[in-house]
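**Student:** Each chain is listed here by its residues.
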Amino acid sequence: MDFISMITPEALVFFGLATLAVAGALGVALASNILYSGFALMATLGGVAGLYLFIGLDFLGIAQLLIYVGGILVLILFAVLLTNRIGAVNVTNVSAPRALGGAGALGLLGLLTHVAVKTDWVLTTPVSTPTTARIGDAFLREYLLPFEVASIVLLMSLVGAMVIARRAVRDRPLPPVQGATAPVDGAERLL
Amino acid sequence: MNGWKDSLGNFDPNALMYQLPFLLIVGFGLLVLVLEAFSKGSSKRWLMWVAVVGIAAGFIGAYLAWKKLGVMVPGDAQVVLDIARGAAPPSTDIPYRELFDGMLIFDRFGVFMNIVFLVGALLTVLLVADYMKEHGFEFGEVFALILFATAGMMLLAAANDLITVFLGLETMSLAVYVLTGSWRRSPKSAEAAMKYFLMGAFATGLLLYGIALIYGVTGATNLHTIATEAPKVGSNPLFLIGVFLVIVAFGFKIAAVPFHMWAPDAYEGAPTPVTAFMAAGVKAAAFAGLLRFFGHALGNERLVWGPAGWGSLMWLLAIVTMTLGNLSALRQDNIKRMLAYSSIAHAGYLLIGVVAAGFGAKTAQPAVLFYLLAYTFTTIGAFGVVAWLGNRGDERLLVDDWAGLGSRHPAAAMAMTIFMLSLAGMPPTAGFFGKFYIFRAAMEAHQQLAGQTGMMMALVVIAVVNSLISVYYYLRIVMAMYFREPARETSPLRSPAVALALIGSALFVLQMGLLPSRYLDMATQSLIGR
Amino acid sequence: MTSDFPLYLIPLLPLIGAAINLLFGKRLSKDTNHYIAITAVGGAAVIAIHACVSGLWPLWKAGGPGTPSLTWQGWEWLHGAAGGGMGETAVSLKAALVLDPLSAVMVLVITLIGFLIHLYSAGYMAEDKRYATYFGYLNLFTGAMLILVLGDSLPVMFVGWEGVGLCSYLLIGFWFDVDKNANAGRKAFVVNRIGDFAFLLGIFLTFYFTKSLSFSGVRDGVGEITGSRIWGAPAQFWICLLFFIGACGKSAQIPLYVWLPDAMAGPTPVSALIHAATMVTAGVYMIARLSFLYVTAPTVMAIVAGVGAATALFAAIIGFAQNDLKKVLAYSTVSQLGLMFVGVGTGNFTGGVFHLMTHAFFKAGLFLGAGSVMHALHHAKDPGDIREMGGLRRKLPITHITFLIYCIAIAGIPPLAGFFSKDGILAGAFAFTAPGVPRFYGHLIWAVSSLASLGTAVYMFRLYFLTFTGKFRGDHHVETHLHESPAEMTIPLIVLGLGAMAVGFVGIPAFLRSHHEPLFVRWLSSGDAPVQALALHMSSSREWLLMAVATGAGVIGIIVAAALWLGGPRPAVVSLGNGLGPVKKLVASKFYIDELYDLVLVRPFRWLCMAVYQIVDRFIIETLLLGLVTTLVDFSGRALRLLQNGHVQRYMVVTTMALAAILWFGMRPSDEFTVQPVMGAQNTISLHANAHDYGTPNAPQRKYKWKCATDDPWKAGGPDKTCEYPNPGKYEVQLEVHDDLWGTSNKSSKLIRVGGD
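Residue numbers (the working numbering), protein chains in the order written: chain X, 1 to 191; chain V, 1001 to 1530; chain U, 2001 to 2757.
Treat the hints as calculated values from the structure; they're not laboratory data. Virtual Cβ for every residue (Gly too), placed ideally from N, Cα, C. Do not take every clue at face value.
[Stated by the list, open to error] Partial selection, computed: residues in chain U whose CB lies under 7 Å from chain X:
#1 G2470
#2 V2653
#3 M2657
#4 S2748
#5 I2752
[Said to hold, decoys possible] Here chain V is said to cover these stretches of chain U; the calculated rule only asks that three of the stretch's residues, wherever they fall, bring their Cβ under 8 Å from a Cβ of chain V:
#6 2184-2190
#7 2457-2464
Use the sequences and the hints to build the structure in full.
**Tutor:** What follows is the structure, encoded as structure tokens:
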């Protein structure tokens, strides 16, 4: 198979979206300004949403866009912008041996790529039927339990976030030392 | 056994009985949240009793589920007796019940694990209330978080599908991250939570990646479907990578070397009762998952061994974990850090049990269960004494701080001695039999291998040498308590709840050492169903 | 023949006493403390005597099949399945106790001597701050020791074994305000763990073969052990060797004896009870208990006897170099334990146990006597230094007389206890024969042991003469405070002295009693021979001769000691520079003889002793062996801490690299394969390549090539292969694995034997 014939419109779209996602992820990790990281995340999430749509997962793609790009990402950016002191925090915390870390990560990448390329993948053609009904059905049948448990996970995350983030008004002063009460004079004892 | 299987179409409300402990714990967790929100007083200590009642209800639920599972097979009593006497029943005879389209499986293994988690939660709740009050960071949600984490553990122990494995793991972990950082005033607590969360999130990523790869190759997330597909997909490298990634993710949760590095920092920084909860409950839950997926579903001599089987990897992890855990513990002066490394070493011993179970050693599953129960009592007890000793934001963590405890507080020193002896695996404590059963299971696996390889034997020898090394650092504390003059004044917590937890665990540790049969019987009846 | 008896009461009483004294002791008065402790042990002694006299004795008299024993069934302790591939056996182990003739001897020794030592402690420790704790530990020890000897199975024995180790550790370091003492305790514990490790491995191996852990079960399963081999040697060789290493740790034999001399850091009654009379003899007891196993392993028996004899001589030599009262006694204990091992090692199990019993009396007495002396000298700088003593016989008459009795007993002078037991061991060693062991070996052991007894007599009487005869050499201030000890200390001394004179008579050798087996031997070897007795095949003239040699050794030793040390040490060097006249010099010339003697004999000998002590004991064992181990452990601990420096980034890096390594190495194809004979087919083997994972029949990217023999061509095939061989012989099987994914191809080969044996 020669190289030219591999350049199909599908391939172009796929590689375009994949590049967007990967480049965005690199941006998130490497940008030194946290705001840039946030914007780079948008590219990643958008790219992934595009990939979902590309393989015919209509609901998942749209949900990804609505929830992650439209909701969570905006919240993250708001949080970054509203947290006034975050600029004072030194976000580039260089202490890891970069060469070693890079070698490990690259090794892992090489290994996974090698395996992915060499493996004979089972190919299926994507079906372009709407998936919404199937997803809804699955949520109320075989995935009922995960669906319900997910609500507990979310509730707990909320409570946890609140515990961690709320102002420390509930941190009361320490109780007095046992056995070391203030001297009591006679008058008070009478009272 | 399709007759037992339920789907939504013929959903049997009675089947919820099996899930009773889980439902009760979640229910009481919600109740605590609501009560917390509407309560007026400043002290939240009374919520502890709500949680205790919830856990007690959980115990009753577990008892009912245990009973109900016992009568599912006709003549079950005889079967159970035979298993206890050493007969090897075909695994289909072990009563079990699948629910929610195979998402969950209920068998006595799960119930036993539920009891372990409930014990852990109960002791933690008793310890944490007065500890928080003493150190000035009291808040009511902590009880809810502990209950939710326990529910997550229960889910993990009953998970029959990688999706539920993931959900259970996350429910548990998220709650514990928050608990770790709950001591707001302490920078160490915040640091610990951050590290634990970062590494934990990394592990979650690996787990999801692994699940995705396994799903990609086998087209299934159900453990049994995966197990039946596994021989067909063979050495598909993607499948192998998936399996290894799952092992690594579990390795994070059980703090196996080299994925343990978060553990000493997180254990040290977290509030001590939470550390106890992490060391006992989280580890036990992860081992329940490991046993179900690896020890049982993928457990078959050919699946386990071989250069790329999960067995050789876990074999290696077990050795490295035991050895490095113990060697690092030798030089710790901070008791919480020392116990953290000790807990790492114990994960190594437990991994031996998982490998042995993979080879089909009949005694391995009960051995791991027994060990987990013994370890839960012991380690929470030990951390409990640590928590008890500190006061007023001043935790007494250095070995020097423990000097002379034997003459000041003989009962506490004796309890700590019992826990240390148990951790070191010396008779007549629970820890001795825990190790004894694990080693015996490994020897059985060695026999199963019929001399093909001496690897299991080597594992036992290394483990015995390791437990010898460990004696040294456990005895350092005993020595400090009894052989040195008191250095500073101590004014430990005055709390009946903490005293109850400590005395209770010490008694159980002794009882499991003196009368282990009863608990081993129970563990032997608690085999994995399918 | 057995009957039931609530034996649990015997260890339970001391344990209850321990619990009371350890938990509430501080709130009670000192009187209450020792009443509780002494009553607990006394009660145990009464019950033990009752059990022996009215329970065990009639059973023994009645004879009949089986070992006479009293049992307490206990509760079911552990059960489960044993065995894997070949089928399973249900195993059930009871936490049961048994009182048979062997354990009866031990129980009586422990409770009676323990009772006396508790009594003595009430006087000796009267001034101590941690009085209650002391008695708590002592009771705890007694309970654990009783569990050790009464246990009906290896695990129960192990519980007691660990328990006494713990108590020993706690009591050695009892006066922990001196660092040295605490370290001595730790050393004892660590060295003992080496032995315990071997013991535990021995238990595992025994269980592996016999599927049983109770002594009777193991005895029934001995056939399973003797029929198997491990690494080319019979299984019983390894098992017995492991048990012996365990015994070496507890009973202080070469090379694990190092902890015992240091253990003298503990209070003196503790040395008497734990480190002389009871705990250290546990190893001898264990071997006697397992005698049925040891007789199947003559090589190990020879090793036991050899190590015992070497220890006996070695410790006797070191004993000369010591100037501390308790240190001399400690090395003497090591030496006597060596003799006991000579006894059990030469198949003379009853002889070993007999010496154990007599030794318990006189050595406990010696320690208590030493304690009494040190009690009197407590104003001295170092109360234990025998160079600073002398002439104590007038000030401490009771201590003096009893100490003399013990010394005569240990020197082996008839008719005191030590004579009979030591003579029995030496005679047994002389007659030792075993398959595969040369005839002269027994004679050699005998000669070494006799030399050791000679040495024992010399240094024990050196101790006696230096301490009790001559003039007091210490401080005048100390001399004015000399006094005899209180009654609670002297009464135990007297009782033990009577014991040291009397107990020997239960073991009068056969040929002195018109060839009736001694009572002690008949007692131990009744029934199904719970303790193997040695049948001596010797003419009585030879026995007389051996007895004369043994007695002669003792007498000569005493004479030598008297010549050198009677009335205080001979002034070895007379100062020549003090301006005395030539006449006086001449008068003093007899001292030249002394000097010469000193220069030629005494000094070199002392140097030799010191050299052995310094080089072997202090340097090789202490510094090199123990030091090396601790340094290694220490170093690795430090190195590991470097990695764990608190930076999450570094943790991430380590994790990533580990993950990459796991995936990389985990997925490499392997060229290993396994070989199994095919059942039912002659000269056929099946091969199975491990390279294909997860049992897939044909991994798509891997290609296998097999070669059944060196001359065969390569044949392509799957991961499984069957080879047939027309002729028996040796063949080389080869496998080549080619993997497309990795682009690798690996070869491996194995040598196999077909047919024949």
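**Student:** Would you pick out the hints that fail for this structure and give their numbers low to high?
**Tutor:** Per hint list: 1, 4, 5, 7 violated.
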